[in-house]
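Visitor: Residues per chain are reported as follows:
There are 2 protein chains.
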Amino acid sequence: MRAVLLSGGVGGARFALGLVDALDPADVTVIGNVGDDLEVFGLHVSPDLDTLLYTLAGVADEERGWGRAGETWTALETAAALGADAWFQLGDRDLGLHLARAESLGRGQPLSTAIARLAAALGVETTILPATDDPLRTWLVTPAGDLAFQEWFVRRRHADDVDAVRFDGAETAAPAPGILEALEGADLILVGPSNPYVSIGPILAVEEIRRAIAERRVPAVAVSPLVGGRAVKGPADRMLARLAGGTGPRHVASCYDGLIDALVIDEADTPEGLAVRPIVTKTLMTDADARRRVAEAALEAAAALR
Amino acid sequence: MRAVLLSGGVGGARFALGLVDALDPADVTVIGNVGDDLEVFGLHVSPDLDTLLYTLAGVADEERGWGRAGETWTALETAAALGADAWFQLGDRDLGLHLARAESLGRGQPLSTAIARLAAALGVETTILPATDDPLRTWLVTPAGDLAFQEWFVRRRHADDVDAVRFDGAETAAPAPGILEALEGADLILVGPSNPYVSIGPILAVEEIRRAIAERRVPAVAVSPLVGGRAVKGPADRMLARLAGGTGPRHVASCYDGLIDALVIDEADTPEGLAVRPIVTKTLMTDADARRRVAEAALEAAAALR
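Going down the list, the protein sequences come from chains C and A.
So the number in the numbering used here is just where the residue sits in the first sequence, counting from 1, plus 17.
So the number in the numbering used here is just where the residue sits in the second sequence, counting from 1, plus 17.
Derived from the structure by calculation, the hints contain no laboratory data.
In this text, a Cβ means the ideal position worked out from N, Cα and C, and glycines have one as well.
Keep in mind that a hint or two might mislead.
Stated by the list, open to error - Pair by pair, the computed Cβ-Cβ distance ranges are:
hint	chain 1	residue 1	chain 2	residue 2	range
1	C	G140	A	E188	49 to 59 angstroms
2	A	A74	C	R227	19 to 29 angstroms
3	C	E79	A	E188	54 to 64 angstroms
4	A	A98	C	E201	28 to 38 angstroms
Unchecked claim - Quick look at which bits of chain C chain A covers, simulated, 3 or more residues with Cβ under 8 angstroms:
hint	stretch
5	116-130
6	133-140
7	179-186
8	268-275
9	309-321
Said to hold, decoys possible - Stretches of chain A that chain C covers, calculated by requiring three or more beta carbons in the stretch to come under 8 angstroms of a beta carbon on chain C:
hint	stretch
10	81-93
11	121-135
Chain C on its own, in the form it takes in the complex (with noise of 0.2 angstroms):
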């Protein structure tokens, strides 16, 4: 049973560790989010890969929701005391797997490659790969103007409320090596419990993936990010009730219109309205038990489909 995630951060990146204890971790792909990347002092930062990263190879801090276990923060508060914007969270051992990724990509490799070494010096028998290795950046359209998603995310805790997401790069962008291979030989496509916009929506504005799932021909389900039409975490509630017109089940599935063929919700939603199979279960992913118990609900969705 090979299976595709697409994937954001926290979410997706719990969701795909209770995937890879339902299933075989060597048979799992995960397409990760590029968009909300961005440079720090100079050097790359992938947080939603990195997330993944952390999480897969079980060194995430769960606590915190972000970064790793055990962390220490000398370096940016050395910066931060010399005079420096630490605006952007870096912790030590994060750092190292910056420096480690910098040095990756300062021999000319591209990002697939550095994340690959990356997750094999992790022990991460997971396949994570980005999006793509083209440049492909998230702005988000706010009434306060055009902004990168990180200054609108971070800087300003996504307070602006967003009147449209765009994908700078996104036109001229092709899917990262193993992608549209991985697409085409898995038995099931899945897409994390990640905000559709921010988090999904870079992913999918790469054409060929949107196409190679549009024309899939193996059962495709979706998880929805919210839990009684909230969000877990962050704005994905915020942003369905502006740009979709609500936060119900349907709304969630209207961001993959033709992309999936289930949507995996809470107990606590009502699935009034969807245009695909719902699958009710209990979404909130608090324990190993709990990641398993939602993979597995998308896994025996796939498997009706079929």
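Place chain A on chain C using the hints.
Guide: Frame of chain C, contents of chain A only:
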């Protein structure tokens, strides 16, 4: 009494510390070597300027002889565990400084501005100026081929004999802002006990700096880096033996032909054949008293020459 000091790393920085003990720190300008600057993981590192900053700020690791006191190594160890080539030692605190500098340089500030910001943040009253803001890099011509400075010094532990030294970019390098003014307004010019070829050489390779010193109207005094014909640290003695034909005071002075009026030498050395005035003292700077004694010997020599 306004003094300008030409300095490399550790030896020059210790002498600078003695000098700012003997003089008003604000009356001292240190011109630092940038020939051994490098990019590590995409971050600009200025080893000699950083040693000057740390030493004059009182945060240098005296025992190790380089880097910051109380250093930790989490980021580099993590990078190494992730497969990075951690050949160049970067502590977490040190990395913090490189991040802060990367921010300045990323904003288009010249290196001299970045260093001024860091010096101010570290509470250093002495002006520290890079010899130039332009790229100037030291290369060693060796039997094994041409080697970039850090490749030779760190990776190959300066084991290769040096047949010649060259400074890429020197022809077009301009003195950093403030250097010619400092030399013009100085009451004396000092050359620290640094390696004449690879620490002071890159500074003097900036033609306008060399000319300003050659045309000086004030005394110029150098401090020999050798004690009993041997380098306290590093390859200065081997280089002098091969490139200048010996390791006596006159061989050191030959590196500064026309640029100095006196040479401070150790009691263990003989000023035989020395064309400039010898000043004999104990030059080993083992503690604050010793540093101040060497600085005062140089200052007295300059006073006698005036």
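Visitor: Take the hints in turn and mark each one as holding or not.
Guide: Comparing the hints with the structure gives:
1. C:G140 with A:E188: 49 to 59 angstroms: Holds: the Cβ-Cβ distance is about 51 angstroms, inside 49 to 59 angstroms.
2. A:A74 with C:R227: 19 to 29 angstroms: Violated, since A:A74 and C:R227 (Cβ atoms, about 54 angstroms apart) do not stay within the stated range.
3. C:E79 with A:E188: 54 to 64 angstroms: With a Cβ separation near 57 angstroms, C:E79 and A:E188 satisfy 54 to 64 angstroms, so the hint holds.
4. A:A98 with C:E201: 28 to 38 angstroms: This hint holds: roughly 35 angstroms between Cβ atoms.
5. 116-130: holds (count 6)
6. 133-140: holds (count 5)
7. 179-186: violated (count 0)
8. 268-275: Our answer is that it is violated, as 0 residues pass the Cβ test (under 8 angstroms) against chain A, missing three.
9. 309-321: This one is violated; 0 residues, fewer than the three required, reach chain A with a Cβ under 8 angstroms.
10. 81-93: n = 4 at 8 angstroms, threshold three: holds.
11. 121-135: Check passed, 4 qualifying residues.
Violated hints for the displayed structure, listed by number in ascending order: 2, 7, 8 and 9.
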